[in-house]
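2 protein chains.
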Amino acid sequence: MAIRIGIIGYGNLARGVESEISRCPDMELKGVFTRRDPSTLKIKTEGVPVYSVSELKDKTADFDVMINCGGSATDLPVTTPEYAALYNVIDSFDTHAKIPEHFAKVDEASKKAGKVSLISAGWDPGMFSLQRLYSNCILPEGNDYTFWGKGVSQGHSDAIRRIPGVKNGKQYTIPVPEALDAVRSGSNPTLTTRQKHTRECFVVAEEGADKALIEKTIKEMPNYFADYDTTVHFISEEEFAANHSKLNHGGFVFRSGITGLNGEHKHIIEYSLKLDSNPEFTASVILAYARAAFRLFEKGDFGCKTVFDIAPALLSPLSGDELRAKML
Amino acid sequence: MAIRIGIIGYGNLARGVESEISRCPDMELKGVFTRRDPSTLKIKTEGVPVYSVSELKDKTADFDVMINCGGSATDLPVTTPEYAALYNVIDSFDTHAKIPEHFAKVDEASKKAGKVSLISAGWDPGMFSLQRLYSNCILPEGNDYTFWGKGVSQGHSDAIRRIPGVKNGKQYTIPVPEALDAVRSGSNPTLTTRQKHTRECFVVAEEGADKALIEKTIKEMPNYFADYDTTVHFISEEEFAANHSKLNHGGFVFRSGITGLNGEHKHIIEYSLKLDSNPEFTASVILAYARAAFRLFEKGDFGCKTVFDIAPALLSPLSGDELRAKML
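Just so you know, the sequences run in chain order A and B.
Residues 1 to 328 (this note's numbering) are what the first sequence spells out, left to right.
Residues 329 to 656 (this note's numbering) are what the second sequence spells out, left to right.
Everything labelled a hint here was simulated from the structure, so no lab data went into it.
Accuracy of the hints is not assured; some may be wrong.
Unchecked claim - Sample of chain A residues facing chain B (criterion: CB under 8 Å; computed from the structure):
1) Arg23
2) Cys24
3) His96
4) Arg132
5) Leu133
6) Glu141
7) Ile235
8) His265
9) Lys266
10) His267
11) Phe302
12) Thr306
As the list claims (entries may be wrong) - Below, in silico cross-link-like pairs of lysine-lysine (DSS-like), each with a Cα-Cα straight-line distance of 30 Å or less:
13) Lys326(A) - Lys439(B)
14) Lys326(A) - Lys478(B)
15) Lys150(A) - Lys478(B)
16) Lys216(A) - Lys150(A)
17) Lys372(B) - Lys387(B)
18) Lys627(B) - Lys112(A)
19) Lys654(B) - Lys105(A)
20) Lys42(A) - Lys30(A)
21) Lys387(B) - Lys111(A)
22) Lys299(A) - Lys627(B)
23) Lys299(A) - Lys439(B)
24) Lys387(B) - Lys299(A)
25) Lys433(B) - Lys326(A)
26) Lys440(B) - Lys326(A)
27) Lys326(A) - Lys524(B)
28) Lys150(A) - Lys627(B)
29) Lys246(A) - Lys42(A)
30) Lys299(A) - Lys654(B)
31) Lys326(A) - Lys372(B)
32) Lys654(B) - Lys196(A)
33) Lys426(B) - Lys326(A)
Positions of the beta carbon are idealized from the N, C-alpha and C atoms, including for glycine.
Starting from the given sequences, assemble the full structure and let the hints guide the process.
Laid out in structure tokens, this is it:
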């Protein structure tokens, strides 16, 4: 029987989950839950019902795993523990500093309910975290480097759009090629914030706005831009719509370590992602972990998990025999 | 109490395990087992005893995990099942096609003995296998590409040295840069054997040997060289000793996949290793998995495992709380 999946929310990530379920032969989308009036939401999959989130408490018999597609800032910290009391739940909580607190709350709710939850699935946190963990275990003596981009930072784009006179704006985070090369060389460089990433902004200004002032405001914005080399381009609304609506992203994780009795041998582990669609890739990771969470639930291994707790074989629809024969 | 490690064998891999144990604060080298007369073997670590392999059956109380550092061709298929009846054992069995058979034998012995074993730890099989598994689970629709090198192929070097008139020889496997770029572009190329790797040979010829014949014999050797663009350099014994004694290696694993309702988004996952010392890196992987195997033994989860069965958190000396706070 297919794993019965529910989606909570219907933003970019939820739509990614909806599209990628079609690539998981052992899963079935059984419903989408929304805070809006369900009759106003038209989803892409034929024949799948839309429910109100208020109905979540009545549908526990119909779903094996719920994918909570809310935002990390204010939604997931409240709703994942709430849903974890009813369902096996996966989320993509990405506020790194608050993960321990979130974990504790979700773990308590899941254990009490006899359910499995898995938080912070995606690529960072998620696949990048896994690479950091594996490579730290393999090369205990060394340095970690994480670079993001080229891709859109939602937080920085929001910050630009809050500036008076700005009609629309998008910010790309870009790794500095020289910094990547320095890390790849094994020289274990110490890199400042400015040396690691540049920021490129595309801004649509209101008519008559003071562009020089907007540019200055962006470049001097503390935390967001002041510590970076930032470029600002003013473009038309048409160009913005044509060239800056994509959701691509990516990044790099390095471990640069040494071995040998005298530390005489260098090793570089490099992992990189180049993603046309950040939400669809994140959704794909979430679905693989939904499979694993359901398997743990069937084994009675309740509580909150992260990617660190999941044996890789649990992510695959193939059997152990098949995996050893084909992929080892 | 530290995990008490034993090493069986004392070749390159074993010496790598010996050096890398010093980077694992929770482990202690308690002995090296050899087929030679133990009194003739001088190891690098002070105060660690050398035993004969014939003593293995008498030392089961003194070791938590044995690292079997034998070769895959004829040694490991026989000895790992044998040692698995006595100890928790790790090996680096790398004959991909025979893994299922090896697994079955070791699994039976370990389960009967109430021990844990883990086979095929290293980087391929090992870390490369993990990348293939993770990325196949995340991007079910796509293509895998594995490239090896630049690094020494022991099998190909041996094949060269068996040619009459050859005094010494070394063969480097080199990924073709254009093939790497084609994969990185997301074009999902179909690549022939010749398009993926070139082979570069450094040969010391016996005095008076027919170099043209040696070169022809190498280049036309079926399976080993005939399907590749091969370059042969004749060099002096001095140059060979000075420049071709390193044990560096590496390689690349790619997954090039698509997402979206119409498969309209491309994603590239790239993992690469650049290793100054193949045996020391392999040893480092083995030690992380020795830690995990011992933890499974303590939990009573007996039998043979592979890297696919090990939750990443088990590889780390840090606690779950620490890992979530620092690396997720």
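Each hint tested on the structure:
Annotation: Arg23(A) was flagged as interfacial toward chain B, and the flag holds, the nearest CB pair being 4 Å apart, inside 8 Å. A hinted interface residue such as Cys24(A) counts as satisfied when its beta carbon comes closer than 8 Å to some beta carbon of chain B; here the least separation is about 7 Å, so the hint holds. At its closest, the beta carbon of His96(A) sits 7 Å from a beta carbon of chain B; the interface hint therefore holds under the 8 Å criterion. Look at Arg132(A): its Cβ gets to within about 5 Å of chain B, closer than 8 Å, so that hint holds up.
Here the hint on Leu133(A) is kept, as its CB sits about 5 Å from the closest CB of chain B, short of 8 Å. Checking Glu141(A) against chain B: minimum C-beta separation of about 5 Å stays under 8 Å; hint holds. At about 24 Å, the closest approach between the beta carbon of Ile235(A) and any beta carbon in chain B exceeds 8 Å, and the interface hint on this residue is violated. The interface hint given for His265(A) is met, as the beta carbon of that residue sits about 4 Å from the closest beta carbon of chain B, less than 8 Å.
The beta carbon of Lys266(A) is positioned within 8 Å of a beta carbon in chain B (closest approach about 5 Å), and the interface hint is therefore held. Of the supplied interface hints, the one on His267(A) holds, with its beta-carbon coming within about 5 Å of a beta-carbon of chain B, less than 8 Å. Contact between Phe302(A) and chain B, as hinted, is not supported at the beta carbon level, the nearest pair being about 15 Å apart and thus beyond 8 Å. Taking 8 Å as the C-beta cut-off, the interface hint given for Thr306(A) holds, the closest approach to chain B being about 6 Å.
For a cut-off of 30 Å, the pair hint linking Lys326(A) to Lys439(B) stands: about 24 Å separates their Cα positions. Restraint check for Lys326(A) and Lys478(B): satisfied, since their Cα atoms lie roughly 24 Å apart, inside the 30 Å limit. Taken as a hint, the Lys150(A) and Lys478(B) pair is honoured in the structure, with Cα atoms around 28 Å apart against an allowance of 30 Å. Taking the CA atoms of Lys216(A) and Lys150(A), the gap is about 23 Å. The hint holds against a cut of 30 Å.
Under the criterion of a C-alpha separation no larger than 30 Å, the hint pairing Lys372(B) with Lys387(B) is consistent with the structure, at around 22 Å. Distance check on the hinted pair: Lys627(B) and Lys112(A) sit about 23 Å apart at the alpha-carbon level, within 30 Å; holds. A C-alpha spacing of about 19 Å is found between Lys654(B) and Lys105(A), which places the hinted pair at or below 30 Å, so the restraint holds. Straight-line distance between C-alpha atoms of Lys42(A) and Lys30(A) comes to about 15 Å, which keeps the hinted pair within the 30 Å bound.
Of the pairs offered as hints, the one joining Lys387(B) and Lys111(A) is violated, with about 42 Å between alpha carbons and a cut-off of 30 Å exceeded. About 16 Å separates the Cα atoms of Lys299(A) and Lys627(B), which keeps this hinted pair within 30 Å; it holds. At most 30 Å may separate the alpha-carbon atoms for a hinted pair to count; Lys299(A) and Lys439(B) meet this at roughly 20 Å. For a cut-off of 30 Å, the pair hint linking Lys387(B) to Lys299(A) is broken: about 37 Å separates their Cα positions.
Of the pairs offered as hints, the one joining Lys433(B) and Lys326(A) holds, with about 19 Å between alpha carbons and a cut-off of 30 Å not exceeded. A hinted pair counts as satisfied when its Cα atoms are at most 30 Å apart, and Lys440(B) with Lys326(A) qualifies at roughly 27 Å. Restraint check for Lys326(A) and Lys524(B): the C-alpha separation of about 20 Å stays at or below 30 Å, so the hint holds. Restraint check: the Cα-Cα separation between Lys150(A) and Lys627(B) comes to about 44 Å, which exceeds 30 Å; the hinted pair is violated.
Between Lys246(A) and Lys42(A) the alpha-carbon distance is near 22 Å, which keeps this suggested pair within the 30 Å criterion. Straight-line distance between C-alpha atoms of Lys299(A) and Lys654(B) comes to about 29 Å, which keeps the hinted pair within the 30 Å bound. As the CA atoms of Lys326(A) and Lys372(B) are separated by approximately 39 Å, the hinted pair breaks the 30 Å bound. Only pairs whose Cα atoms come within 30 Å are accepted, and Lys654(B) paired with Lys196(A) is accepted, the gap being roughly 20 Å.
Note on Lys426(B) and Lys326(A): the hinted pairing holds, with a Cα-Cα distance of about 11 Å set against a maximum of 30 Å.
The structure fails hints 7, 11, 21, 24, 28 and 31 (numbered hints given earlier, in ascending order).
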